[in-house]
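J.: Below, each chain spelled out in residue letters.
Protein chains: 2
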Amino acid sequence: MRLRVRLLNIQAGGRNIAVLGDSTASMLGIHSSDRVQVSHGDRHVVAIVNVASDFPRDHLGVYDEVSKKLNVQTDDEVEVQLAESPQSLHYVQAKIRNERLRKKEIDSIVRDVVERHLSDIELASFVTALQIHGLSMDEIEALSRAMAETGSSLDLDKKCVLDKHSIGGIPGDKTSILVVPIVAAAGFTIPKTSSRAVTSPAGTADRVESLCPVSLSVEEIKEVVNKTNGCMVWGGALELAPADDIFIQVEYPLAIDPMLLPSIMSKKKAIGATHVVVDIPTGRGAKIKTIGEAENLADDFIELGQRLGIRVECGVTFGEQPLGHAIGPALEAREALSTLMGEGPADLVEKAISLAGILLEMAGLKNGKSRAQDLLSSGKAEQKLREIIGAQGGNSQIRIEDVRVGDKRQTVNTDLEGEVMWVNNEDLAKIAKEAGAPKDKGAGVMLLAKLGDHVKKGDRLFDVYAERDTRLESALKLAASLQPIGLSRRPEDRMLVSRIPAPVVHRKAFTLER
Amino acid sequence: MRLRVRLLNIQAGGRNIAVLGDSTASMLGIHSSDRVQVSHGDRHVVAIVNVASDFPRDHLGVYDEVSKKLNVQTDDEVEVQLAESPQSLHYVQAKIRNERLRKKEIDSIVRDVVERHLSDIELASFVTALQIHGLSMDEIEALSRAMAETGSSLDLDKKCVLDKHSIGGIPGDKTSILVVPIVAAAGFTIPKTSSRAVTSPAGTADRVESLCPVSLSVEEIKEVVNKTNGCMVWGGALELAPADDIFIQVEYPLAIDPMLLPSIMSKKKAIGATHVVVDIPTGRGAKIKTIGEAENLADDFIELGQRLGIRVECGVTFGEQPLGHAIGPALEAREALSTLMGEGPADLVEKAISLAGILLEMAGLKNGKSRAQDLLSSGKAEQKLREIIGAQGGNSQIRIEDVRVGDKRQTVNTDLEGEVMWVNNEDLAKIAKEAGAPKDKGAGVMLLAKLGDHVKKGDRLFDVYAERDTRLESALKLAASLQPIGLSRRPEDRMLVSRIPAPVVHRKAFTLER
Numbered sequence: 000m001r002l003r004v005r006l007l008n009i010q011a012g013g014r015n016i017a018v019l020g021d022s023t024a025s026m027l028g029i030h031s032s033d034r035v036q037v038s039h040g041d042r043h044v045v046a047i048v049n050v051a052s053d054f055p056r057d058h059l060g061v062y063d064e065v066s067k068k069l070n071v072q073t074d075d076e077v078e079v080q081l082a083e084s085p086q087s088l089h090y091v092q093a094k095i096r097n098e099r100l101r102k103k104e105i106d107s108i109v110r111d112v113v114e115r116h117l118s119d120i121e122l123a124s125f126v127t128a129l130q131i132h133g134l135s136m137d138e139i140e141a142l143s144r145a146m147a148e149t150g151s152s153l154d155l156d157k158k159c160v161l162d163k164h165s166i167g168g169i170p171g172d173k174t175s176i177l178v179v180p181i182v183a184a185a186g187f188t189i190p191k192t193s194s195r196a197v198t199s200p201a202g203t204a205d206r207v208e209s210l211c212p213v214s215l216s217v218e219e220i221k222e223v224v225n226k227t228n229g230c231m232v233w234g235g236a237l238e239l240a241p242a243d244d245i246f247i248q249v250e251y252p253l254a255i256d257p258m259l260l261p262s263i264m265s266k267k268k269a270i271g272a273t274h275v276v277v278d279i280p281t282g283r284g285a286k287i288k289t290i291g292e293a294e295n296l297a298d299d300f301i302e303l304g305q306r307l308g309i310r311v312e313c314g315v316t317f318g319e320q321p322l323g324h325a326i327g328p329a330l331e332a333r334e335a336l337s338t339l340m341g342e343g344p345a346d347l348v349e350k351a352i353s354l355a356g357i358l359l360e361m362a363g364l365k366n367g368k369s370r371a372q373d374l375l376s377s378g379k380a381e382q383k384l385r386e387i388i389g390a391q392g393g394n395s396q397i398r399i400e401d402v403r404v405g406d407k408r409q410t411v412n413t414d415l416e417g418e419v420m421w422v423n424n425e426d427l428a429k430i431a432k433e434a435g436a437p438k439d440k441g442a443g444v445m446l447l448a449k450l451g452d453h454v455k456k457g458d459r460l461f462d463v464y465a466e467r468d469t470r471l472e473s474a475l476k477l478a479a480s481l482q483p484i485g486l487s488r489r490p491e492d493r494m495l496v497s498r499i500p501a502p503v504v505h506r507k508a509f510t511l512e513r
Numbered sequence: 000m001r002l003r004v005r006l007l008n009i010q011a012g013g014r015n016i017a018v019l020g021d022s023t024a025s026m027l028g029i030h031s032s033d034r035v036q037v038s039h040g041d042r043h044v045v046a047i048v049n050v051a052s053d054f055p056r057d058h059l060g061v062y063d064e065v066s067k068k069l070n071v072q073t074d075d076e077v078e079v080q081l082a083e084s085p086q087s088l089h090y091v092q093a094k095i096r097n098e099r100l101r102k103k104e105i106d107s108i109v110r111d112v113v114e115r116h117l118s119d120i121e122l123a124s125f126v127t128a129l130q131i132h133g134l135s136m137d138e139i140e141a142l143s144r145a146m147a148e149t150g151s152s153l154d155l156d157k158k159c160v161l162d163k164h165s166i167g168g169i170p171g172d173k174t175s176i177l178v179v180p181i182v183a184a185a186g187f188t189i190p191k192t193s194s195r196a197v198t199s200p201a202g203t204a205d206r207v208e209s210l211c212p213v214s215l216s217v218e219e220i221k222e223v224v225n226k227t228n229g230c231m232v233w234g235g236a237l238e239l240a241p242a243d244d245i246f247i248q249v250e251y252p253l254a255i256d257p258m259l260l261p262s263i264m265s266k267k268k269a270i271g272a273t274h275v276v277v278d279i280p281t282g283r284g285a286k287i288k289t290i291g292e293a294e295n296l297a298d299d300f301i302e303l304g305q306r307l308g309i310r311v312e313c314g315v316t317f318g319e320q321p322l323g324h325a326i327g328p329a330l331e332a333r334e335a336l337s338t339l340m341g342e343g344p345a346d347l348v349e350k351a352i353s354l355a356g357i358l359l360e361m362a363g364l365k366n367g368k369s370r371a372q373d374l375l376s377s378g379k380a381e382q383k384l385r386e387i388i389g390a391q392g393g394n395s396q397i398r399i400e401d402v403r404v405g406d407k408r409q410t411v412n413t414d415l416e417g418e419v420m421w422v423n424n425e426d427l428a429k430i431a432k433e434a435g436a437p438k439d440k441g442a443g444v445m446l447l448a449k450l451g452d453h454v455k456k457g458d459r460l461f462d463v464y465a466e467r468d469t470r471l472e473s474a475l476k477l478a479a480s481l482q483p484i485g486l487s488r489r490p491e492d493r494m495l496v497s498r499i500p501a502p503v504v505h506r507k508a509f510t511l512e513r
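Protein sequences appear in the order of chains A and B. Following numbering that gives the first Met the number 0, the numbering of the first sequence begins with 0 at its first residue and continues without gaps. Following numbering that gives the first Met the number 0, the numbering of the second sequence begins with 0 at its first residue and continues without gaps.
Next up, chain A with everything else stripped away, as it sits in the complex:
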């Protein structure tokens, strides 16, 4: 059927969507969510149909994605016909029935995800089925490979490419900003790509951006790495595993994360990593709650690595409280910089040299942790960070005070005396976000009382930083209601942790960071 184009002049978030009025749809025998093949000259697009009741007859509304691919203007004529649903949809349905998917079936799904042949409804159903049924290691491997192969890759032409990854989950985790320069200073290649925050107050890319530009092209990354051995860049625009980015768009509203392993490892495969250390922060307020869970996950990472030809070791790390003091992009960048300059919190130093040490040992060195400590204490890691900052287009002479933090500040004190018995990761993240992080880079929280500290009446628990008075105010209000830090002389003084008068809605904390 020939229809006239009407440009809608708006993007559909990457999706291929076309709009039909209901009488025209009915003429074509088409329902909402069916697919049409739209042809204009020798260009063809398969689009998913939305039916609108008041859209003009014999017209096809097209979002920008479709109009660009077809190169059409308003009033151009196009040929429109009902298209078969893609083969991959049958495999999605097979997964709902809990069938195991074969490699070529997973390839077909991932290819259709990247080419936008599957709708949000179909993707949501697929990730839900994966969340419920779980994935076999064969499926995980096939997904990892397919997601890596359908994206671009970073070809550094090195025999040994190291990488470090945290599965995320605790606030203030700026470890990568220390590990990368330590490892690079030891002479090894470590091209680190990171994400921005999705659900957290800061992602590594947000933190590093307070020090230097992070949006580099693949070519620019190669240059930086060839010059300095390392980099710390935003992976988002590199299309390293574009299917994963599309899956995340539907996982995010559902707060599920069934593809953690393939999501992480496909990106490691795409950058050509040969040795990876995976950090698994573990604790009640982290993504992984128990050591047992952490060990199971570690086994899976290691097995998947073997299948993909990547040597993986995991570090299970203490995740019951934020790392260091700073939470929020600029505050964390400052803390990382000052730690490299010799003045940092002990937990951050210990974690960074432990993980860097594992990587150095994986790469063949002995006594990795003490080598890492030496590179840190000697200032060589700081020197390396400055080289990387300079190579990425930042000021290599940057001083702590050049990293701007919010000038609206207020301290939260305690009117109790006691030991810090618990620190609520999630609540502190919420307060930092309420203060404006990650969008307001200078906003966040400086945590001053940590587990085991003894505090007296009137002592500072934490400072809130903001760039705007309104945000400072609402963050302080939230802090007062959440009371993120639990104090007590001894456990027996405060045995009741919370009182539940009515059914609780399970608002599970959800971390979706890569």
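Just so you know, not all the hints are guaranteed correct.
[As the list claims (entries may be wrong)] Calculated lysine to any residue pairs in the SDA-like style (CA-CA distance at most 25 Å, straight line):
(1) Lys-102/B <-> Glu-138/B
(2) Lys-429/B <-> Arg-1/A
(3) Lys-67/A <-> Leu-7/B
Think of the hints as simulated: they come from the structure by calculation, not from any bench.
Based on the hints, put chain B in the right spot on chain A.
T.: Showing chain B alone in chain A's frame:
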């Protein structure tokens, strides 16, 4: 944050959707699929956000649904802020984790479905989780009640309201057009609402529309029923259980139907039915494949009925081939009319009087089936059909030849001799749809060779009807490739039913008809 409205001048299929450019979204700390509260004066709407990369800064794009609710024009200022996700989303997530939902949790989900507070992604995840985990009878009851209570109802003020429903699955099933007049002629109230075809060549509403108008308002339906005891109308615009219509929009592309029971019974509850007979066509080519499955489903229908205060009986019917000869709206209307006039296929007559008989007995009569046969043979049922046609605004004197069928016709003959050993329901439905049904009302198939018939070389198997030459041609081409009728002297002459040289994609037949 105050933003300027830009009307997109297009509907979003009932959804409340707003568009933000990415820099504005990032200022507000909003990702795609987050919700915003949009306020204009004292009007407020919660909309789901799509982020577009090229949308102008500080503007909010709104689809028609949102602009109408807010009463805004382009360039009006609105206040926009991040809104919490609805409580019901936590219950959707609980269902993904296979928790049993309580009544008030299901109420919350259904209310938010009707008010469009849940996105397609969230709905798709919910129906997928239901499909995988199944529903308890408590959940089914709560869903049925919630779906009925959130819609309109038909209040006929009668002590006894009968209804008949088929779960669907075989082509050519025009039984309702016989059952309604038989039951109404016996003096009982039977306000039948039906759907149009979704995946089939004809729904009951499509069939009846070849005889008289079917789009009546609730008030008009009451008038028709008060006058004639019965009606046969399209239920789609009556908002009887609007949540169900929204669920179907996401079930359809996924080809899953986890809410069959609440979907059907909520509508029975909404029309105030007190006695319902449910037809469960059973056979290899039907929705329900085995008698065991059919009996389990029947038990569930009966238990659900008890819980809802509706007496239910089920009829498991032979579903291995189409019912009667005609497939396609007008062809079926003709066949139903001529059957009521005394000339109909035996299987259709037998099925109609059996089901009508069950209803009459449920309502207190003895020997229901023979009473039904009498009402049919005596012409009283025909007379009643004509009354209903007239009351609904049609021509009560309608003759068979007044029902227009396609004038492009061709017969498909066989070049074999033998008994009809199988008839493929799904293939015949495909051929009828290829010929233009249900959109082209006169299109379809007249099946002339049925199970057990003996045919000789050159005998007619079926006729294809179309309104357009192109459709006739492509339907005949499809028929030639599908070969929907299997002939053989004895089973041992054709033991090989199909040969599978490579893995099969499981293209399960999917019937989504209510």
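J.: Compare the structure with each hint and give your call.
T.: We went through each hint and held it up to the structure:
no.: 1; hint: Lys-102/B <-> Glu-138/B; result: holds, 7 Å
no.: 2; hint: Lys-429/B <-> Arg-1/A; result: holds, 24 Å
no.: 3; hint: Lys-67/A <-> Leu-7/B; result: holds, 19 Å
The structure fails none of the hints (numbered hints given earlier).
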